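Taking the hints into account, I'd like the entire structure generated from these sequences.
Going by my numbering, the sequence shown opens with residue 24, and the numbers climb by one from there.
To be clear, the hints were calculated from the coordinates, so they are not data collected in a lab. Model, not experiment: these values are computed from the prediction. Using N, Cα and C, we set each Cβ at its ideal position, and we do this for glycine too. Check before you lean on any hint, since a few could be wrong.
Said to hold, decoys possible - Label pairs and their computed distance ranges (CB to CB): (1) N25 with A46: 26 to 34 Å; (2) Q67 with G44: 17 to 25 Å; (3) R30 with Q64: 16 to 24 Å; (4) T29 with R63: 12 to 20 Å; (5) G71 with E34: 18 to 26 Å; (6) R42 with Y65: 14 to 22 Å; (7) A37 with R63: 16 to 24 Å; (8) S68 with S27: 17 to 25 Å; (9) G71 with R30: 14 to 22 Å; (10) Y65 with G44: 14 to 22 Å; (11) W70 with R30: 12 to 20 Å; (12) R57 with I32: 16 to 24 Å.
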Amino acid sequence: MNQSETRLIEEGWAALVERLGLANASRFIMLLDRRTDGARQYLQSLWGTRPHPSPRPQPPVVNHSDT
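This is the structure:
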């Protein structure tokens, strides 16, 4: 794999995580590559060499039972 392809994969992963969140981006990759270990190996190498992205902000929880 050349540098351009590696960069495209990294940018695509970042876009997936930004849009779907870490868990769903991981699920998406695994669904695409269920028949081989390629996705699992890629995710392990990615997580092993890069810090986890910061979590997406969540909306505040509203407790309606107190009203």
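Here is how each hint holds up against the structure:
1. Distance hint check: the CB atoms of N25 and A46 are about 30 Å apart, consistent with the given range 26 to 34 Å.
2. At roughly 19 Å, the beta-carbon separation of Q67 and G44 lies within the given 17 to 25 Å, and the hint holds.
3. A hinted range of 16 to 24 Å holds for the C-beta pair R30 and Q64, which are about 19 Å apart.
4. T29 and R63 have their C-beta atoms about 18 Å apart, which keeps the hinted 12 to 20 Å range intact.
5. Roughly 19 Å separates the CB atoms of G71 and E34, a value that falls within the hinted 18 to 26 Å.
6. Distance hint check for R42 and Y65: the Cβ-Cβ separation is about 18 Å, which falls inside the suggested range of 14 to 22 Å.
7. In this structure the supplied range 16 to 24 Å holds for A37 paired with R63, their Cβ-Cβ distance being about 19 Å.
8. At about 18 Å, the CB distance of S68 to S27 agrees with the hint of 17 to 25 Å.
9. Distance hint for G71 and R30: a CB-CB separation of about 19 Å, consistent with the stated range 14 to 22 Å.
10. Under the hint 14 to 22 Å, the C-beta atoms of Y65 and G44, about 18 Å apart, fit the expected range.
11. Range check, W70 to R30: about 18 Å between beta-carbon atoms, so the 12 to 20 Å window is met.
12. Our hint of 16 to 24 Å for R57 and I32 holds, since their Cβ atoms are close to 18 Å apart.
Checked against the numbered hints above, the structure breaks none of them.
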